[in-house]
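Number of protein chains: 4
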Amino acid sequence: MAINKNYKMKFFRKIKQITHLMKQVDFKELGEISEKIDLPKIMKSVGELDDNQLKGLMKMLTEKAKKGQHQLPPIDGDFYDYDLKLNQEQRAIQMKVRSFMETEIEPIANHYWNKAEFPMDIIPKMAELNICGVAYEGYGCPNLPFIMEGIIAEELARVDVSISTFFGVHSGLAMGSIYLCGSEEQKQEWLPKMQKMELIGAFGLTEPNVGSGVAGGMETTCKKVGNEWILNGQKKWIGNATFADVIIIWARDVDDNQAKGFLMRKGNPGYKAEKIENKMALRTVQNALITITDCKIPESDRLQKANSFKDTAKVLRMTRAGVAWQALGCARGAYESALKYTKKREQFGKPIAKFQLIQNHLVEMLANLTAMKAMVYRLSELQDQGLLTDEHASLAKVFCSMRTRDVVSRAREVMGGNGILLEYDVARFVADAEAIYSYEGTKEINTLIVGRAITGYSAFV
Amino acid sequence: MAINKNYKMKFFRKIKQITHLMKQVDFKELGEISEKIDLPKIMKSVGELDDNQLKGLMKMLTEKAKKGQHQLPPIDGDFYDYDLKLNQEQRAIQMKVRSFMETEIEPIANHYWNKAEFPMDIIPKMAELNICGVAYEGYGCPNLPFIMEGIIAEELARVDVSISTFFGVHSGLAMGSIYLCGSEEQKQEWLPKMQKMELIGAFGLTEPNVGSGVAGGMETTCKKVGNEWILNGQKKWIGNATFADVIIIWARDVDDNQAKGFLMRKGNPGYKAEKIENKMALRTVQNALITITDCKIPESDRLQKANSFKDTAKVLRMTRAGVAWQALGCARGAYESALKYTKKREQFGKPIAKFQLIQNHLVEMLANLTAMKAMVYRLSELQDQGLLTDEHASLAKVFCSMRTRDVVSRAREVMGGNGILLEYDVARFVADAEAIYSYEGTKEINTLIVGRAITGYSAFV
Amino acid sequence: MAINKNYKMKFFRKIKQITHLMKQVDFKELGEISEKIDLPKIMKSVGELDDNQLKGLMKMLTEKAKKGQHQLPPIDGDFYDYDLKLNQEQRAIQMKVRSFMETEIEPIANHYWNKAEFPMDIIPKMAELNICGVAYEGYGCPNLPFIMEGIIAEELARVDVSISTFFGVHSGLAMGSIYLCGSEEQKQEWLPKMQKMELIGAFGLTEPNVGSGVAGGMETTCKKVGNEWILNGQKKWIGNATFADVIIIWARDVDDNQAKGFLMRKGNPGYKAEKIENKMALRTVQNALITITDCKIPESDRLQKANSFKDTAKVLRMTRAGVAWQALGCARGAYESALKYTKKREQFGKPIAKFQLIQNHLVEMLANLTAMKAMVYRLSELQDQGLLTDEHASLAKVFCSMRTRDVVSRAREVMGGNGILLEYDVARFVADAEAIYSYEGTKEINTLIVGRAITGYSAFV
Amino acid sequence: MAINKNYKMKFFRKIKQITHLMKQVDFKELGEISEKIDLPKIMKSVGELDDNQLKGLMKMLTEKAKKGQHQLPPIDGDFYDYDLKLNQEQRAIQMKVRSFMETEIEPIANHYWNKAEFPMDIIPKMAELNICGVAYEGYGCPNLPFIMEGIIAEELARVDVSISTFFGVHSGLAMGSIYLCGSEEQKQEWLPKMQKMELIGAFGLTEPNVGSGVAGGMETTCKKVGNEWILNGQKKWIGNATFADVIIIWARDVDDNQAKGFLMRKGNPGYKAEKIENKMALRTVQNALITITDCKIPESDRLQKANSFKDTAKVLRMTRAGVAWQALGCARGAYESALKYTKKREQFGKPIAKFQLIQNHLVEMLANLTAMKAMVYRLSELQDQGLLTDEHASLAKVFCSMRTRDVVSRAREVMGGNGILLEYDVARFVADAEAIYSYEGTKEINTLIVGRAITGYSAFV
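Protein chains in written order, with the numbering used here: chain A, 2 to 462; chain B, 2 to 462; chain C, 2 to 462; chain D, 2 to 462.
Any given hint could turn out to be false.
Identical copies carry no separate label here, and so any pair may be met within one copy or between two of them.
What the hints assert, rightly or not - Okay, derived cross-link-like pairs now, SDA-like style, lysine to any residue, Cα gap no bigger than 20 angstroms in a straight line:
#1 K344 x L290
#2 K97 x A128
#3 K351 x V211
#4 K311 x R253
Derived from the structure by calculation, the hints contain no laboratory data. All figures in this text were calculated on a predicted structure; none of them were measured in a lab.
The following block holds chain A by itself, in its conformation from the complex:
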């Protein structure tokens, strides 16, 4: 029997529509009312609706949903309603994170940034969000799609890029290294506690002479002597490293010239971490210059599945999408502050939001913001489908970090002089955007990664 193609198409389209429709519905509420109504019957009825009826129903439900949002501030950087693509559970996590950031972090963000200190006491509260290792399976991790890792990065960065970076280093780079390159034993030892933020991780790859996007050329060395490894070298810019319980250190094995990874435990006598002072960006993040001198690490603390730089690259690929989402969050935070400001600030007797020149800035910001969101959303889709490549992530990094620079710059501009005061909640984003712009590979390095992919030619050297 030949398959009726049209029927199948229609069937799948309907499934898609119902799926979409269901996402709008408040499942918790549904659960509550499900004892009163016959849900399966309703589902069946919905299945029998034609396309127009479906659209109508959906619109009705959406408008209901929108009305329900009345209590939200009308300042909203999600212009193309990507929130509607999240299901109920995902939306709940998003809202929980947003609420934490607005309640716990926003009031203290400028203070800590200005003093260049990290608010250690927020860690337990953050742990309660249960968002570490969100896309990993097992070891207490939620095992949600990567899209949620992105959403979380956006929400964190929307209020404080430093906190988002702290989190990305711990949950993405440090936990990710163990998740992808650790033995089962190592995973069991570290991941559950790190997931609960009882232990905090750091990730040591970048070096004083070797930028973060530059594969190869590592100057930190390791050498096996008996059942121990001896490490020597320096690492620079290592976030969280002044207080982390474990620092993943990458080093080049002098014997086989391959990259290897190590679980450097806090307090190892051969390890010294000096805080990098006088940063103009991400001042809350505690970056360290690490000096490793004849440092001994047992073989049992070597990441057992990290045998070459390819394994390091796996970690970076898994986390790089997050940086693009962070850029989005940074831009969104700045945009929303600026929009709020322009509605309140008056000149010549009216809110400056009424001036064409101001609206032009706001709309350029929003256009970039919306394009970024569309792009990173697709990026995470590709990741969730197992299709993500390095060059996909690099392109998003290039685009979003450039556009974010433009957005924060306009956000500051519409504030005039007030834009340089931290209290108006844009200045910090302006500064932090510079860090985003350069970390996990500068624009130049990421450009050449994509360039190689599309031309077939490497132009690095």
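With chain A's structure known, arrange chains B, C and D on it following the hints.
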């Protein structure tokens, strides 16, 4: 009985994954082999796979699909694989249109553009594609999602923005006016023939003194006298109007001051269309300056459901997303030509694609291209869900037409002097991008539309 | 006796002030009234004025001068009054050229551009301006400072970049080659007639495979056989070459591998020039693809002082500043058209020049225009002082051609759709700016020339 | 007797050339050797040289001068040799200021910026430079051309924009107010001591609700009661105001509604200045929020010649050019640091200055830098000739502050992550550029000032 939320989530996620998976599969091929295999059983098996197994299967199928694309040129502007989101039927339409454009239009596009003439004889061939009124229901129209209207606009513009404009005027604006504002009788008379391109339409809204994005202020008037209407005024920039069989004319009723629409039939003695000469862009499109002098139109040729500018606006809203897709197509065509060129052209003894400065241009183009694609894709999703607003469309118009200007400019730049010769297939896009930039509302007008939506203040005047 | 430094400073400052002052004065008028007044006495009195008195006098005279300009249109791209730096004679030449361009060229510029033909009959009228070889000494040339070469290029390009290019090829490149590299005999034969435009020149350096900014790698060869040279090869983009009386052809000597220059006379049987068709820019300029096949040229027609590429480079250095001035002229023409338009065109019941978004475009244009003027003025000063280097010229080329692109793009934008019609006198500049952007070295090549100068490292390959 | 025009032209040209020539010469050295040689005779001989001989001599002398600069670092932002336009005395002042900044300020600039404190002990050293009120006449001021005010602003900002701002407020705004609007008695009391920096001034115009570029609308009031004035209101952003000896306070007279200016003496009980904390830019500058409550000031401390906002505007016009010069200095400092860095920093085994992408950044910086210099140089020329208008200054402010943003952003970019550390001497400029961008009128306000001048229409409201 309480509903098990987790189960439901998992169920919907799986449906989504299977749906996605099925889209990768060649259904025609499946149809053919379905007699040999037990498809339902396979489907069942697939349904029992766990997430990782599903991912693995999907990756395998995708790679198979990619291999199958080997015969396509490796020059491809779809870097984030949006093609994978189309189903089999949609993908087939896309390929059919692409093939038509590359075979029939590409060889003649520069010639007609240079001579500022329209290739009338391509109309019957184009009709065979069956793509007119693609998203309308009935009257011979395919009734596909709006996303396909976008895909088609992209494919047309990727080779020739003029052809895409000709098509957009006919299928979107002219047919759309009748579809949305015509009586059932009017629809029956016009749409089936227009769908087959036996009759060609035009759309007369813009005037010498009133730009296309400016609602209100129309100077063309209509007045009812007996069962006839008398029209007077001028329309400028009206595409297709030198040869169209029917021109939708919008006019202000001097009695109630409301906008009304008319089916102006070719040959009406009160109607004169003069071709606008000496354009630097979209030279293939035949724009006219229309002069209407005491022109009589029977009430039966008045669009029966167009009673105010709000009805005109409905037409514009439905078609405006298409302009953003056109911008994308224009940028993509220029990018692909440029990429091809840089791989062939040598300087200093190597392909210029090897130079960092050239790769930087290519990657900036690709980043913009990919962001545009992501944005318009979401735009059409919103449209298909009945959620599209004017400001959604305006934002995409602003973003895409700006980014396209940037892309075509870089495409020309990497070609050096050759970039100004039509034969290298970039110069035409550079010029045409200027037209896209301004039509259906300038950047300024669309900016103020979005600005009003986000600030709550109108800054037009 | 020690020199009194303060005195000297004061003396030179006063000289400078008087010099400046005198430039404001109408010398012709002065000449006429000089029989009635005692000029030397006045001069003496002026010399005795103190600084404040001098300033007052100057301001008075300047205001008088400004009043005298009342009949000029208030549309003026010279915002920082550089015209005041010209002396009376220079100012007269400037005005003569401007008048010629506005009277003779403006009315026909769009027509010829659109038809891609050159208006041969304007050559005799242009000859009357006596501006060929303006900075050369002898052979009938005016021997004025290089600043005047710049001013002339600006004035020509302000109305028609094609005419300016035609002129630059003839007067700068062709005459310049003979002036710098020809023997006295060759100069005597060609320069006086070329200065009077009785003979027209072209300059053949660029080749199909070798861009204009790329030194070395020439594929056209010459070989001496007896007292003749045999030339073979192709040249591309050669302006004026379809009708020129003499074409300077540069070729690589197969024996010593050095560049040599030849006076190719019209009608040489081994020489074929095919017009390059289908350009989107500088359509009035007749560029040719030249094919040279076993072409014989006597030793007497070899440029006697051109012995290596360094000599070719001398010609290019002398003329390159002119391209930057051309870019300025192009931008100025577009700006002035746009400003005029915005004062006339109304939307929402008022001139669009009243809108903030339009003023923003105008001011960005003017800022760029003024910066360009300031930069090229200094460039020519350096040239007049014998201090001009290749990298000075390259930097101006990079800056001005980039900024011009921005200016013409905004000029088109403020015109909305009308901006793509040639008749509004901006579209042509938009297209021509693309040619300026790439000729005499692309942005990339000129960037690398400057880059090498400031870093000490060559990054060409 | 008719005057021979040609002769006169030639004469003035020669004077100009000699003048120029003399500026190249080291006058001090000349003074020393003048006893050995017969200078007048040499001068006479020079006068008899023809143009070519003069050029040759000049080139020789210039090259000699360049050789003499060998000990200077090859990192130099003065690509078009504007230094050559300064005379010996001016050049000496420039070098003295540069030396002070590099020796005294550079070593401490980041430290004070980071701590947001002002280095009070540099004031006496700075006083020794004798650069306060450089363009004023009398009261101990040097009475040099305004061009020197610009040069000084550039040199200060090139090392530390905060110091340059401190100086601009004191010497330009505060002293300038007294110089232009004070009575002779007031000038005698304040200017000599301020010139020696024994007393420091501040300038209170901007208010919490009224931006610095906004004329009118002042909310601070004054009212005359007997021989005293009562002031009430707030001033924001007032630089130096936490420690200044005198603060010029502008207020609106409630009786005649005109702006009046007052000499607010330190310690006045009705005056309170609170330091503005948590700035991200110009952190070294001590800006204050000033609260004035029933503050009494005697009539003798009212600026006697300030009778309306026009008088305030005079002060602003005189100083505004300085902000554009400051922007230039800021950009230059960042460029020179970046250039130095790229020559030292290696990646992939070679200095990054060798990479095309890096050279592209450097050259774009240099192009902008050179254009800015050309523009502000002309601006100060206009000022010295008494031709400066508000719109001239506004245009330079707009252009330079925009371009500076671009330059510092690229400077940071070429440094990768290191660019966010203060110690690499770019991060501070990045932040400070934001303050420059907004003070003395935002880009928007200055744009509308120029826009009004060129269109004839005000678009402020």
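Structure versus earlier hints - violations, ascending order
1
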